[in-house]
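Peer 1: Given these sequences and hints, build the entire structure.
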Amino acid sequence: MPERYRLVGSKCLTCHSEFFPQRKFCPHCRRKGKIVKHDMPTEGKIFSFTEVSSGPEGFEHQTPYFMAIVELKNGVRLMSQLVDSPKGTVKIGAPVQLVFRRIAEDEHEGAIAYGYKFKVVG
Amino acid sequence: MRNVSIIGAGLTPFGERWDTSFRELVYEAATAAIADSKVEGKDIQAIYGGTMAPGRLIGQEHIGALIADQLGLNPIPSVRLEAACASGGVALRQAYLSVASGAHDIVAVGGVEKMTEVSTEEVSTALGGAGDQEWELFLGATFPAIYALMARRHMHEFGTTEEQLALCSVKNHANAVHNPFAQYRNAVSVEDVMDSGYIASPLKLLDCSPITDGAAALILCASEKAKHYTDTPVEILASAQASDTLALANRRTLTGLDATVVAAKEAFKQARLQPKDIHVAEVHDCFSIAEVMAIEDLGFYAKGKGGKAVQDGETQLNSKLSVNTSGGLKACGHPVGATGIKQAAEVTWQLQQKAGKRQVSTCDIGLTHNVGGSGATAVVHLFKRGD
Ligand SMILES: [Zn+2]
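Residue numbers (this note's numbering), protein chains in the order written: chain A, 6 to 127; chain B, 0 to 386.
It is possible that some hints are incorrect.
Below, in silico cross-link-like pairs of lysine to aspartate or glutamate (DMTMM-like), each with a Cα-Cα straight-line distance of 25 Å or less [to be verified]:
#: 1; chain 1: A; residue 1: Lys124; chain 2: B; residue 2: Asp194
#: 2; chain 1: A; residue 1: Lys96; chain 2: B; residue 2: Glu162
#: 3; chain 1: B; residue 1: Lys41; chain 2: B; residue 2: Asp18
#: 4; chain 1: A; residue 1: Lys96; chain 2: B; residue 2: Glu156
#: 5; chain 1: A; residue 1: Lys42; chain 2: B; residue 2: Glu133
#: 6; chain 1: A; residue 1: Lys96; chain 2: B; residue 2: Glu161
#: 7; chain 1: A; residue 1: Lys29; chain 2: B; residue 2: Glu162
#: 8; chain 1: A; residue 1: Lys92; chain 2: B; residue 2: Glu156
#: 9; chain 1: A; residue 1: Lys92; chain 2: A; residue 2: Asp44
#: 10; chain 1: B; residue 1: Lys304; chain 2: B; residue 2: Glu234
#: 11; chain 1: A; residue 1: Lys92; chain 2: B; residue 2: Asp194
#: 12; chain 1: A; residue 1: Lys50; chain 2: B; residue 2: Glu161
#: 13; chain 1: B; residue 1: Lys304; chain 2: B; residue 2: Glu265
#: 14; chain 1: A; residue 1: Lys92; chain 2: B; residue 2: Glu161
#: 15; chain 1: A; residue 1: Lys50; chain 2: B; residue 2: Glu265
Chain A residues, not near chain B, derived (Cβ > 12 Å throughout) [stated by the list, open to error]:
#: 16; residue: Arg11
#: 17; residue: Thr47
#: 18; residue: Thr68
Simulated coverage check for chain A against chain B, where a stretch passes if three residues somewhere in it have a Cβ under 8 Å from a Cβ of chain B [stated by the list, open to error]:
#: 19; region: 57 to 63
#: 20; region: 70 to 76
#: 21; region: 80 to 90
#: 22; region: 97 to 110
Don't read these hints as lab results, they were simulated from the structure. No experiment lies behind these values; they were computed from the predicted model shown. For every residue, glycine included, the Cβ atom is placed at its ideal position computed from N, Cα and C.
Peer 2: Laid out in structure tokens, this is it:
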């Protein structure tokens, strides 16, 4: 799933809007739009964050962990876990960078899911 | 479109109803509403039932058929509506439209959720389905986490404090003390909330609504025939619904719900009323921050001023605007599919002056506000005394 592994989103060639996750058509231009696959920037900043103390099934071993809404350099926002980011560095506005990590494990089937996370830099 | 009135309302007690099944909850609430309305079972022409996740929570689908069967009302049409935590509000709107359109004269509408038959983890996973499975839950975002992201941003932009959020829970527990149907009829202090431990910072355990079993039901009737059944019908003045992106990250803002703003504007337009005309409001406080955002998005307060209003006590019982007199989702409880119908039942009783010790003294116009997920669905209804 390239969206999840390489942060591939969409761009509308008509109005230049960018989207993540991918969209099949541009909601602004509708049939006048032209959507193509488009790489998202790998840097951004924390728009909001929370420390999750009570994680869902599959995340027991990672709890507590930080979740954030990251605003990428192109203005697109996405939900992501933060890793390798000491508590004092996690603040609104802090610069973050894309990393590729294990997301969760299914204890029953032993399956491990991978995808994007972000870490605070600088 | 013709006018529609509520002529009967019924609730089950909300709480951990270990000894009561899904079907028994449906029966309890529906028979209470039918008895309150004075209609005969044979007068009811259709059923609308809101419920979010019975497939995961009790292994049962085909709830429309189950309800009609359970109430002995075959062969009338019966349908189940789902819009996550707004399932009840959406069911009310569909029932309202069916009477307003002239398709039916009298219908029953209800909401139900049986949540305590599975583990807390399974409930969390089921409720998580209200968000975006692929782009929120899969990545580790719980429901409290999604609202916590809104709370953090609201605090950042407007200086809203954790104490102001705590005061929503304090107020709602204080109201629930006087509600015999409420799950938690105990008062809590700001210190209790502040010391209750983070679930997803800045939200703590007592900022969050609980897991609840319960059901609620209403009987709707064309207003022209309502006086035939009751001296105190409550007229539905407006019914509006709006949608937004499933995932929080794709929204215009994190500090409010645009779907609520749109639905509220439409509802006030339909009724030719303004926010200042409302005396009692049941708003969707699945988390404390949701109540602060709701009183802003509904138009009662400017964006960013909600926390201060709560702190100043303006939303307490018989203050400037009485908000969540039932105890809200926080203290009355949140049996997900039942919530939107319970809100309308509470406003009905307030307008009929039947709310006992939690009665709002001046009470002519009421509002309900029901949200699905983190704001992808919002439903707003307005009501007034019909006598
Ligand atoms: Zn476009």
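Peer 1: Against this structure, judge whether each hint is valid.
Peer 2: Here is how each hint holds up against the structure:
no., hint, result
1, Lys124(A) - Asp194(B), "violated, 30 Å"
2, Lys96(A) - Glu162(B), "holds, 20 Å"
3, Lys41(B) - Asp18(B), "violated, 30 Å"
4, Lys96(A) - Glu156(B), "holds, 13 Å"
5, Lys42(A) - Glu133(B), "holds, 19 Å"
6, Lys96(A) - Glu161(B), "holds, 17 Å"
7, Lys29(A) - Glu162(B), "violated, 44 Å"
8, Lys92(A) - Glu156(B), "holds, 21 Å"
9, Lys92(A) - Asp44(A), "violated, 30 Å"
10, Lys304(B) - Glu234(B), "violated, 31 Å"
11, Lys92(A) - Asp194(B), "holds, 21 Å"
12, Lys50(A) - Glu161(B), "holds, 24 Å"
13, Lys304(B) - Glu265(B), "holds, 22 Å"
14, Lys92(A) - Glu161(B), "holds, 19 Å"
15, Lys50(A) - Glu265(B), "violated, 36 Å"
16, Arg11, "holds, 16 Å"
17, Thr47, "holds, 17 Å"
18, Thr68, "violated, 9 Å"
19, 57 to 63, "holds (count 6)"
20, 70 to 76, "holds (count 4)"
21, 80 to 90, "holds (count 5)"
22, 97 to 110, "holds (count 3)"
In summary, the structure is inconsistent with hints 1, 3, 7, 9, 10, 15 and 18 from the numbered list given earlier, while agreeing with the others.
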